[in-house]
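Visitor: Here is what each chain is made of, one letter per residue.
Number of protein chains: 2
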Amino acid sequence: MLKVIKIGGNIVDNPEKLDRFLTDFAHLSGPKILVHGGGKVATAISKALGIETQMIEGRRVTDAETLKVVTMVYAGIVNKTIVNKLNAAGCKAVGLSGADGEFILSERRSPVPIDYGFVGDPRRVNTRLAELLLGNGYTVVAAPITCDGKGTLLNTNADTVAQTIAVAMAQSAVREKVELVFCFEKRGVLRDVEDENSIIPMIDRSSFAQLREKGIVADGMLPKLENAFKAIDSGVSNVVICSAEQITTEGYGGTTIRD
Amino acid sequence: MLKVIKIGGNIVDNPEKLDRFLTDFAHLSGPKILVHGGGKVATAISKALGIETQMIEGRRVTDAETLKVVTMVYAGIVNKTIVNKLNAAGCKAVGLSGADGEFILSERRSPVPIDYGFVGDPRRVNTRLAELLLGNGYTVVAAPITCDGKGTLLNTNADTVAQTIAVAMAQSAVREKVELVFCFEKRGVLRDVEDENSIIPMIDRSSFAQLREKGIVADGMLPKLENAFKAIDSGVSNVVICSAEQITTEGYGGTTIRD
Numbered sequence: 040m041l042k043v044i045k046i047g048g049n050i051v052d053n054p055e056k057l058d059r060f061l062t063d064f065a066h067l068s069g070p071k072i073l074v075h076g077g078g079k080v081a082t083a084i085s086k087a088l089g090i091e092t093q094m095i096e097g098r099r100v101t102d103a104e105t106l107k108v109v110t111m112v113y114a115g116i117v118n119k120t121i122v123n124k125l126n127a128a129g130c131k132a133v134g135l136s137g138a139d140g141e142f143i144l145s146e147r148r149s150p151v152p153i154d155y156g157f158v159g160d161p162r163r164v165n166t167r168l169a170e171l172l173l174g175n176g177y178t179v180v181a182a183p184i185t186c187d188g189k190g191t192l193l194n195t196n197a198d199t200v201a202q203t204i205a206v207a208m209a210q211s212a213v214r215e216k217v218e219l220v221f222c223f224e225k226r227g228v229l230r231d232v233e234d235e236n237s238i239i240p241m242i243d244r245s246s247f248a249q250l251r252e253k254g255i256v257a258d259g260m261l262p263k264l265e266n267a268f269k270a271i272d273s274g275v276s277n278v279v280i281c282s283a284e285q286i287t288t289e290g291y292g293g294t295t296i297r298d
Numbered sequence: 040m041l042k043v044i045k046i047g048g049n050i051v052d053n054p055e056k057l058d059r060f061l062t063d064f065a066h067l068s069g070p071k072i073l074v075h076g077g078g079k080v081a082t083a084i085s086k087a088l089g090i091e092t093q094m095i096e097g098r099r100v101t102d103a104e105t106l107k108v109v110t111m112v113y114a115g116i117v118n119k120t121i122v123n124k125l126n127a128a129g130c131k132a133v134g135l136s137g138a139d140g141e142f143i144l145s146e147r148r149s150p151v152p153i154d155y156g157f158v159g160d161p162r163r164v165n166t167r168l169a170e171l172l173l174g175n176g177y178t179v180v181a182a183p184i185t186c187d188g189k190g191t192l193l194n195t196n197a198d199t200v201a202q203t204i205a206v207a208m209a210q211s212a213v214r215e216k217v218e219l220v221f222c223f224e225k226r227g228v229l230r231d232v233e234d235e236n237s238i239i240p241m242i243d244r245s246s247f248a249q250l251r252e253k254g255i256v257a258d259g260m261l262p263k264l265e266n267a268f269k270a271i272d273s274g275v276s277n278v279v280i281c282s283a284e285q286i287t288t289e290g291y292g293g294t295t296i297r298d
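Residue numbers (our numbering), protein chains in the order written: chain R, 40 to 298; chain W, 40 to 298.
The reader is advised that the hints may include incorrect statements.
Straight-line distance between alpha carbons at most 27 Å, and here's what the computed BS3-like set of lysine-lysine pairs gives [claimed, not checked]: (1) 56/R <-> 189/W; (2) 189/W <-> 225/W; (3) 263/W <-> 79/R; (4) 263/W <-> 131/R; (5) 131/R <-> 131/W; (6) 253/W <-> 225/W; (7) 269/R <-> 216/R; (8) 253/W <-> 216/W; (9) 225/R <-> 263/R; (10) 225/R <-> 56/R; (11) 216/R <-> 263/R; (12) 131/W <-> 253/W; (13) 263/R <-> 56/R; (14) 263/R <-> 253/R; (15) 79/W <-> 79/R; (16) 131/R <-> 216/R; (17) 56/R <-> 79/R; (18) 56/W <-> 189/R; (19) 263/W <-> 253/W; (20) 86/R <-> 86/W; (21) 216/R <-> 79/R; (22) 189/R <-> 131/W; (23) 56/W <-> 86/W; (24) 79/W <-> 56/W; (25) 86/R <-> 79/W.
A few chain W residues facing chain R, derived, Cβ under 7 Å [what the hints assert, rightly or not]: (26) 91; (27) 114; (28) 119; (29) 123; (30) 212.
Don't read these hints as lab results, they were simulated from the structure.
From the three backbone atoms N, C-alpha and C, an ideal C-beta is built for every residue, glycine too.
I would like the entire structure built from these sequences, with the hints used as guidance.
Guide: Quick look at the structure:
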């Protein structure tokens with residue numbers, strides 16, 4: 040089983056939490072791909088460089104200057120810091136941006152209706168490159184910078200990158216099973232958003248329909264679960280939604296989404 | 040024959056020259072590794088971030104903040120820009136920092152007599168990782184950031200990185216021949232520094248002794264040639280000193296240094 044695990048800003052921006060997570064991640068058995076964001080670092084560097092960060096509907100508008108910053112931050116400092124810590128923890132890791140070996144080829148998003156600038160929607164994954172590294176014992180650490188195949192780098196949402204990689208690996212001839220894990224602030228899908236202990240351990244299609252109908256799953260969680268089922272429709276075995284703290288060598292908690 | 044080609048700031052800092060070089064480089068036949076610096080970009084970003092660049096004897100002092108900047112610039116924007124342009128030009132390329140798969144393991148330089156901060160002297164190259172990529176048709180693009188194997192990134196001179204990679208590849212069981220090419224501002228070793236056309240096409244040990252005795256080779260060129268002979272002593276077939284403009288698919292000019 041290949042694990043594709045995505046961590047976001049709440050871990051990347053916190054050195055202690057990141058160290059703790061990477062120590063646990065380093066000791067997870069089997070082939071694995073770690074996808075990271077790095078949002079707050081990019082915002083801080085942009086600010087220091089006098090580049091204004093513009094967000095529309097929670098997404099970063101990537102002009103030419105911002106593209107340079109996110110490339111420096113995601114593919115540079117964040118990716119290499121993670122890779123370096125994993126290697127020091129005994130987990131042989133190689134970092135890839137979507138430009139390396141055209142790992143993730145994207146299409147630049149249309150400027151209509153909203154012009155997000157240099158933002159790309161993934162179209163193709165070089166699964167052979169990932170398999171080459173995984174097959175030789177390397178863990179892949181993927182930065183959410185992609186490319187258009189014509190010489191332009193593009194900024195891509197890290198959740199989308201993780202999902203795209205997981206689906207492509209599941210569809211490649213080599214892999215039997217792929218598990219996709221999204222780490223976020225909460226410990227899973229909660230029955231009661233006020234109660235951190237009300238984690239729903241398993242959601243399948245029929246329970247999802249019920250949770251949705253009763254309004255237990257709503258707002259930001261709804262697209263997360265819809266995407267999880269899309270991944271499953273496309274061949275991913277199961278999707279886990281949990282917090283990074285729950286990833287341990289003894290397995291992880293959170294909510295498992297299955298067919 | 041494996042080619043290890045190093046380009047410096049005069050190319051990296053000039054988008055037109057870089058584009059022209061990469062188009063030619065993309066079409067060079069055979070396995071190849073490109074090593075790049077990126078000095079002026081790092082200095083500019085440091086300045087914009089309010090970090091003072093301190094140089095001692097032409098070498099950058101790398102404090103913790105400067106280490107972040109050079110990691111962002113070398114392993115981030117410069118490396119990914121080059122990789123992306125090569126892929127677009129039809130040359131499948133993957134970028135590696137010295138931290139990726141512990142490609143280049145360094146020892147942090149002693150703070151005595153001069154404290155250069157987070158600067159490393161290479162000790163070991165993961166030639167297997169390079170061979171894995173080269174053997175599968177990828178060109179390797181190496182950024183001069185190395186690691187100490189204990190979780191600390193280090194800044195290493197790009198000429199040193201190129202020489203270290205070339206020697207390690209020459210000494211690995213896989214390679215028969217390795218050629219090391221240093222691109223710099225001049226078109227080769229000049230008989231008369233004022234005359235760009237006075238290139239000495241070939242230097243061997245006996246002609247080097249003569250050139251040195253007569254004072255034709257002196258100053259900055261002396262350590263370059265001494266290092267070239269060290270590389271040859273360590274198994275590199277020949278070393279070329281030329282300008283990036285001389286690298287064409289029809290071969291390259293400049294000065295060839297041989298045993």
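Visitor: For a C-alpha distance cap of 27 Å, please report whether residue 225/R and residue 263/R respect it.
Guide: holds, 13 Å
Visitor: Regarding the pair residue 131/R and residue 131/W, is the alpha-carbon distance no greater than 27 Å?
Guide: Given that 27 Å is the threshold and the Cα spacing comes to 23 Å, the pair holds.
Visitor: Is residue 56/R within 27 Å of residue 79/R, Cα to Cα?
Guide: holds, 15 Å
Visitor: Check the hint pairing residue 86/R with residue 86/W against an upper bound of 27 Å on the C-alpha distance.
Guide: This hinted pair holds, its Cα atoms lying about 14 Å apart.
Visitor: What's the verdict on residue 56/W and residue 86/W, does the C-alpha distance respect the 27 Å limit or exceed it?
Guide: Measuring from Cα to Cα gives roughly 24 Å; hence the hint holds.
Visitor: Straight-line Cα separation of residue 131/W and residue 253/W no greater than 27 Å?
Guide: With Cα atoms ~46 Å apart, residue 131/W and residue 253/W exceed 27 Å; violated.
Visitor: Residue 253/W and residue 216/W: Cα distance at most 27 Å?
Guide: violated, 32 Å
Visitor: Taking 27 Å as the top limit, are the C-alpha atoms of residue 263/R and residue 56/R close enough?
Guide: Judged against 27 Å, a Cα distance of about 23 Å means the pair holds.
Visitor: For the pair we were handed, residue 86/R and residue 79/W, check the Cα-Cα distance against 27 Å.
Guide: holds, 21 Å
Visitor: Need the status of pair residue 189/R, residue 131/W: alpha-carbon distance at most 27 Å?
Guide: OK: residue 189/R and residue 131/W at ~13 Å, within 27 Å.
Visitor: Would you check the hint for residue 263/W and residue 253/W, treating anything up to 27 Å between C-alpha atoms as holding?
Guide: holds, 17 Å
Visitor: Restraint: residue 91/W near chain R, CB-CB cut 7 Å. Satisfied or not?
Guide: With a closest approach of 14 Å, the residue 91/W hint is violated.
Checked against the numbered hints given earlier, this structure breaks hints 2, 3, 4, 8, 12, 21, 26, 30; the rest are met.
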